[in-house]
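*Asks:* Chain by chain, the residues run as shown.
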Amino acid sequence: MTTPSANPGPGTQPAGSDPERKPWRATLGASACVILATLATAPWQDTLGRTNSVMLLLLSAVLAAYRFGPGPGLVAAVLSVVCFDFFYVPPRGSLSVHDLDFTVTFVVMLGVAVLVGQLTARLRFQAMVAHERERRMRALFEMSRDLSSVLTLEQTADISNRYLARLFDVEPGLLLLDNADGLVGAPGCSLPAQADVGIARWSLEHNAGAGIGTDTQPSAPALYVPLKAPMRTRGVLVLVPRSETWRLNPEQRRLLDTTAALIAIALERIHFITIAQDAVVHMESERLRNSLLAALSHDLKTPLTVLAGLADSLNLAGPPLAPAQADIAESIREEALRTSTLVMNLLEMARLQAGNVRLNREWQPLEEVVGVALQARAAMLAAHTVRVDLPATLPLVEFDTLLMERALCNLLENAAKYTPTGSTIEIAARSLGPWIEISIADDGPGLPAGNENQLFEKFTRGQGESSSGGVGLGLSIVRAVVEAHNGNVKAENRATGGACITLRLPAGTPPDTPLEEP
Amino acid sequence: MNSVDEAPSMRVVLIEDEKQIRRFVGMALAAERWQVFEADTARQGLSEVGTRRPDLVILDLGLPDGDGIDVVRDIRGWSSVPVLILSARPHEQDRVAALDAGADDFLTKPFGVSELMARVRALLRRTRSGTVQQQQLSFGTVVIDMASRVVRRDDAVVHLTPIEYRLLSVLISNAGRVMTHRHLLREVWGPSHASDHHYLRVYMTALRRKLEVDPTRPRHFITEAGVGYRFCIEPW
Numbered sequence: 001m002t003t004p005s006a007n008p009g010p011g012t013q014p015a016g017s018d019p020e021r022k023p024w025r026a027t028l029g030a031s032a033c034v035i036l037a038t039l040a041t042a043p044w045q046d047t048l049g050r051t052n053s054v055m056l057l058l059l060s061a062v063l064a065a066y067r068f069g070p071g072p073g074l075v076a077a078v079l080s081v082v083c084f085d086f087f088y089v090p091p092r093g094s095l096s097v098h099d100l101d102f103t104v105t106f107v108v109m110l111g112v113a114v115l116v117g118q119l120t121a122r123l124r125f126q127a128m129v130a131h132e133r134e135r136r137m138r139a140l141f142e143m144s145r146d147l148s149s150v151l152t153l154e155q156t157a158d159i160s161n162r163y164l165a166r167l168f169d170v171e172p173g174l175l176l177l178d179n180a181d182g183l184v185g186a187p188g189c190s191l192p193a194q195a196d197v198g199i200a201r202w203s204l205e206h207n208a209g210a211g212i213g214t215d216t217q218p219s220a221p222a223l224y225v226p227l228k229a230p231m232r233t234r235g236v237l238v239l240v241p242r243s244e245t246w247r248l249n250p251e252q253r254r255l256l257d258t259t260a261a262l263i264a265i266a267l268e269r270i271h272f273i274t275i276a277q278d279a280v281v282h283m284e285s286e287r288l289r290n291s292l293l294a295a296l297s298h299d300l301k302t303p304l305t306v307l308a309g310l311a312d313s314l315n316l317a318g319p320p321l322a323p324a325q326a327d328i329a330e331s332i333r334e335e336a337l338r339t340s341t342l343v344m345n346l347l348e349m350a351r352l353q354a355g356n357v358r359l360n361r362e363w364q365p366l367e368e369v370v371g372v373a374l375q376a377r378a379a380m381l382a383a384h385t386v387r388v389d390l391p392a393t394l395p396l397v398e399f400d401t402l403l404m405e406r407a408l409c410n411l412l413e414n415a416a417k418y419t420p421t422g423s424t425i426e427i428a429a430r431s432l433g434p435w436i437e438i439s440i441a442d443d444g445p446g447l448p449a450g451n452e453n454q455l456f457e458k459f460t461r462g463q464g465e466s467s468s469g470g471v472g473l474g475l476s477i478v479r480a481v482v483e484a485h486n487g488n489v490k491a492e493n494r495a496t497g498g499a500c501i502t503l504r505l506p507a508g509t510p511p512d513t514p515l516e517e518p
Numbered sequence: 519m520n521s522v523d524e525a526p527s528m529r530v531v532l533i534e535d536e537k538q539i540r541r542f543v544g545m546a547l548a549a550e551r552w553q554v555f556e557a558d559t560a561r562q563g564l565s566e567v568g569t570r571r572p573d574l575v576i577l578d579l580g581l582p583d584g585d586g587i588d589v590v591r592d593i594r595g596w597s598s599v600p601v602l603i604l605s606a607r608p609h610e611q612d613r614v615a616a617l618d619a620g621a622d623d624f625l626t627k628p629f630g631v632s633e634l635m636a637r638v639r640a641l642l643r644r645t646r647s648g649t650v651q652q653q654q655l656s657f658g659t660v661v662i663d664m665a666s667r668v669v670r671r672d673d674a675v676v677h678l679t680p681i682e683y684r685l686l687s688v689l690i691s692n693a694g695r696v697m698t699h700r701h702l703l704r705e706v707w708g709p710s711h712a713s714d715h716h717y718l719r720v721y722m723t724a725l726r727r728k729l730e731v732d733p734t735r736p737r738h739f740i741t742e743a744g745v746g747y748r749f750c751i752e753p754w
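Chains as they are written, first to last, in my numbering: chain A, 1 to 518; chain B, 519 to 754.
There's no promise every hint is true.
[Stated by the list, open to error] Simulated restraints, written as ranges between beta carbons of each label pair:
hint, chain 1, residue 1, chain 2, residue 2, range
1, B, T645, A, G497, 52 to 62 Å
2, A, G422, B, D583, 34 to 44 Å
3, B, S598, A, Q454, 50 to 60 Å
4, B, G658, A, G497, 31 to 41 Å
5, B, T645, A, N486, 44 to 54 Å
6, B, R570, A, I332, 52 to 62 Å
7, B, D583, A, L183, 53 to 63 Å
8, B, G658, A, L321, 27 to 37 Å
9, A, A322, B, D583, 37 to 47 Å
10, B, G658, A, N179, 53 to 63 Å
11, B, D583, A, I332, 30 to 40 Å
12, A, N179, B, D583, 43 to 53 Å
13, B, T645, A, M283, 14 to 24 Å
These aren't lab readings, by the way, just hints derived from the structure by calculation. All C-beta atoms, glycine included, are put in the ideal place defined by N, C-alpha and C.
Use the sequences and the hints to build the structure in full.
*Replies:* So, in structure tokens, the structure goes:
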């Protein structure tokens, strides 16, 4: 009779059979079963005998319950008894019964039909639920398997859309966070026309579902589900139902949450893969850059070392040099050392220009690095008066020692180069709210008025075609160093005459310094 | 140089692959009556150090057949001869690594002959003074009585905290050597503070303020930027 069709459709309805959605149709079908059985057997009832006919009618009632569910099955059971009475029990064609013996038959028949029918219906219902659950689990499993191997956002969006459409009978869409924390459609996939980014944004910000079946905007034509990953919410799923009466039951709601979690984790994984790849590329390029610069530095410094060293050795090689010769040897040596400083500046600039320089920042007293710079430029500053004013209460400052040393050296060198012999150079520092301000001032001729800060551009020199050496890299390195420390630098003329260059470094929060009992 | 005539000639092994650098370094050392043994590879250098029993090793960090740091480590396995590093690399990490491996001092290329000889003399003085505990040590206008732990500057007692004094005594016992931040932290604060560089810097600044004439232009407590500190009894 009825072959039970085990396919309840693409998972759009609660676990249960198709006809249950329209009870009157199911009841009609169940009744038709019994009536058909009756019509098929009644003409041959004399040959068949009543006993066999009862069995056949019972069977039809049980099958009806199996196919159409418990309610219609009950109707079929009653109907089968009525049909039996009407067509088989004398007087035929009437519901009246003359032989009371049949009462027992009716009762037993009704009882058996109801009992077996209800059991069968429930069994079938449970089988269908189990089947449906298994189908979903399989889909979930397949989706998680597919998601576990994706490496790009396009693949993730593709897989998520495919499975969502299959599991929930919807037109799915995926909105992802971009770098500026805006919501955009996933790459390579179109969004459903009904998707509303405003509601999606709300869902993202409140980390809660919105749209159909939720408390927020339930009349919207779509459901919005935030994609919560362990670290943060990574986007929003948009589900636009294909049918008017689409609703999710609690089990499907849970399934949807699981699916969303899987997609979110896949997105987070891709996010971290991207970060890791960027880090590797960055490290590689920095490593390459550093080894290239180290090789260059070695190759350029070796001949300069030889030049300076051999000039020094002229005195050792033979009889003592005449004063003029000694002077020449000294000049050779000095020029070699100066060229070396220039090479260092060039290489440092190349390193800073490449960007993303890894600073070796440490908290330290400013006094120390100022001392190092003064020591390194002692020869150059011999003809100048240098005054240092660093308050003892100055907090520790966080910076890269070597870069700051280079910046200070360049500033001192600059001051020494552009001021006449005997000038005074003042180094001062003070704490100024969120900044530590370091100034290097002189009482020389000052900077060309109007374009003081142009000095920090590469290859700019203060006094046109002056005879002082250097290509003007010094101050641009100062700026690059200070900016790499999130600080700033400015140049100005002092009211009392002379130039003043001021560096500002972020004060930050210095670490606790160890205290001990005196 | 009368003292040289009295003492047997000092030996130095010079491991450097650049011929011209060997040439002028060799000349400078020979002028002060050093006996110079040259090597241009790590392998040859090690065997020279092993056979010649030198009083000093001068070592270039970038050798064609191996890293200079490994050479230092190798030498330190069986000898305490002073090692002076020559380095042209721009990164201080190499110098720190070489010093941590046991080198005594370093010179950054390019350097002059006078700088070189100053380092050599300082290292030699250190070896000669050996481990003999002196009763009294003085530098500049500071006098330290090691037994009573009293520090005087210009005849006035200077009060040092226990840590300051410990730092000072570690520096004194390693006078002439470059001590890396890590090494000093380990000696003074113990291994658990090996990365608290700012401790060391704060105490070093305090020592300078108490013992240097001009703390921003130190003559004895010298900063080797990015590497560590050097204590010099006699400024050069």
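*Asks:* Each hint should be assessed against the structure and marked as holding or not.
*Replies:* Now for the hints, and whether the structure bears them out:
Checking the proposed 52 to 62 Å range against B/T645 and A/G497 shows it holds: the Cβ atoms sit about 54 Å from each other. Checked against the hint of 34 to 44 Å, the C-beta distance between A/G422 and B/D583 comes to roughly 53 Å, which is inconsistent with it. Between B/S598 and A/Q454 the Cβ separation comes to about 56 Å, which falls inside the hinted range of 50 to 60 Å. The hint said 31 to 41 Å for the Cβ distance between B/G658 and A/G497, and at roughly 37 Å that hint holds.
Range check, B/T645 to A/N486: about 47 Å between beta-carbon atoms, so the 44 to 54 Å window is met. At roughly 33 Å, the beta carbons of B/R570 and A/I332 sit outside the given window of 52 to 62 Å. At roughly 60 Å, the beta-carbon separation of B/D583 and A/L183 lies within the given 53 to 63 Å, and the hint holds. Range check, B/G658 to A/L321: Cβ separation about 35 Å, and the 27 to 37 Å hint holds.
A hinted range of 37 to 47 Å for the beta carbons of A/A322 and B/D583 is consistent with their spacing of about 43 Å. In this structure the supplied range 53 to 63 Å holds for B/G658 paired with A/N179, their Cβ-Cβ distance being about 59 Å. For B/D583 paired with A/I332, a C-beta distance near 32 Å keeps the hint of 30 to 40 Å intact. Separated by about 49 Å at the C-beta atoms, A/N179 and B/D583 satisfy the suggested range of 43 to 53 Å.
The hint said 14 to 24 Å for the Cβ distance between B/T645 and A/M283, and at roughly 42 Å that hint is violated.
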